[in-house]
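Colleague: The chain contents come next:
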Amino acid sequence: MSSQAHDGDFFNAPVMTASLPPKEKRTKLLQALLDMDPDISFDDPLENDMILNMGPSHPATHGVLRILLRLDGETIVSAMPELGYLHRGYEKIAENETYHEFITHTDRLDYLQPVHNNVGYILAVEKLLGIEAPPRAQYIRTLLAELARISSHLVGFGVMAMDVGAMTLLLWCFREREKIHDIYDLVIGARFTTSYTRIGGVAQDITDEGLAAIRAFIDQFPERLNEGERLLNRNRIFFDRCRGTGIMTAEQALAWGFTGPNLRGSGVAHDLRRDQPYLVYNDLDFDVITENECDSLSRYYVRLREMKESVKIVLQCMDKIPAGPVHAHEPKKVLPRKERIYTRMEELIHDFMIVNFGVNPPSGEVYHAIESSKGQLGFYIVSRGEGHPWRLKIRSPSFCNLQALPVLLKGHLLSDILAVLGSIDPVMGEADK
Amino acid sequence: MNETLEQVIASLRERFGEAVEDVVEFRGDVVVTVARDSIVTVVEYLRDHPFCPFPLCEDVFGIDQFTRKKRFEVNYHFFSVLKKVRIHLKVRVDEDDASVPSITGVFPGAGWYEREAYDMIGVHFPGHKDLRRMYMTEDFEYHPLRKDFPLMGVPGSIPLPKRG
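If you read the protein sequences in the order shown, they are chains A and B. For the first sequence, this note's numbering gives the first residue as 1020, with consecutive numbering after it. For the second sequence, this note's numbering gives the first residue as 3, with consecutive numbering after it.
Bear in mind the hints are in silico, worked out from the structure with no lab data behind them. Bear in mind the structure is a predicted one, so any value in this text is a computation, not a measurement.
To give a feel for the contact side, a few chain B residues facing chain A, derived at Cβ under 10 Å:
id : residue
1  : Val26
2  : Phe28
3  : Arg29
4  : Val33
5  : Pro110
6  : Tyr115
7  : Met122
8  : Lys131
9  : Arg134
10 : Met138
No more than 25 Å apart at the CA atoms, straight line, and that leaves these computed lysine-lysine pairs for DSS-like:
id : chain 1 : residue 1 : chain 2 : residue 2
11 : A       : Lys1198   : A       : Lys1331
12 : B       : Lys131    : A       : Lys1042
13 : A       : Lys1042   : B       : Lys164
14 : A       : Lys1111   : B       : Lys72
Using N, Cα and C, we set each Cβ at its ideal position, and we do this for glycine too.
Using the sequences provided together with the hints, build the complete structure.
Modeller: Encoded structure:
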């Protein structure tokens, strides 16, 4: 690069790497970024390399994600995400608590949709114990999990639009989300930290008032969603920024371990609700949404259309929900009701044993995965017959989806990060565990 | 056991013989224990399996069995999008030689899973191009999910930032 017009070394410096610390003093993260194969080159007169740090506290990183970027002008040569700023060690905590005690911690994994985490965890524990919740409890779980899916997709939908500049939609989405959390308040008793499931059932039965509130919400929701859709679907700026960015072909998506809406946005019809049905999804009629464009926009469309499918599922659950108990009849595994503990000796003993020593499942290893709104949420439990797990591994979808970020961002402009990151819809509470 | 999965395991036994050490089924989950040296070829074979390919590597993680003779285990989950079945692989290693060949050459998505297993359990993955810690700081000395690491942490192991 010639620069006779300019004096001084500023413009003469071939790359900014000259001002980087010497190799032995660099952090491993920086070195990893520099080692990434930069196989794109641009014949740009203003060629210079620049290392830019994005996050961990940045309004558009969906929490505390840090991305180290290597830029050529405004083009991303390579990107290196860094996790761990929200690492709380839940897998270690799980090894030191009974199966019941850990339910409250699952709320804090993906904090946008706590019911999914409750359900996913409890299904794994029930699989280990070999018990099943009664049909009414299964229907209630399905119903609330689908509401959680709507609530989580609303955030993904609204925040993605906000990141590329459409502020109104976020407020509209949060207005609808607020209604869902009011329903949780009514049915569960908490708005965010739900901890609703119990081994062999749910915390308490859903009342007619709760069902009526869900009905009232679902009746008006599709129209509200259409309003939001109309704001975006003819918005040229939104389309131009999302179309063709963050391309991930079907083969790439599978190789990088994408699941959930991100995988379906690449045209792979993989949905655990259909492929390995759990809860009552076998009895329900819904479509698996796929889009074939493989870019940010198609991932946005998948979320949008999935919300409409969730409305269908909720309506079917409301029609089909049977009467009956919400706790399995397994006295040694399921916590007894409070009024019976105070009046009966046997229940008092069971309560004492379950609370103090935990339910003792047989030795063995089980894995159960559900389709949460971010992707496949799995729990692998290694049991040694004690009241607490020997090892609990959480397979969190956001963690796996974020991994492909360097591939998605490569060659894009700096401002495309927001659209791409919004379309992946990660939640750091889950990615960092 | 699922019929397809039975055929897959039969084909694994036929092809790899002694390398398939053990097959355990519990509550419908099938865990196949594989010899360490043949894990990469087994994974590659499963990915391109003739009638039941497993194109999705769902997870890789380590377990500290602590009291067992071979202390560490590395588990793998694979899912067949075509046949809708899941298979778990397991590799057992000793504490003195805690390393398992990396499968990132077969599944690039296994990179972060292996980094996490290295960070948490301390199993090395030779062949991994970027085996840094996943969650803990770069200069952290311990592996927190080992059973001999206390729940409350080791005092002083993460220095506070210096003032000024």
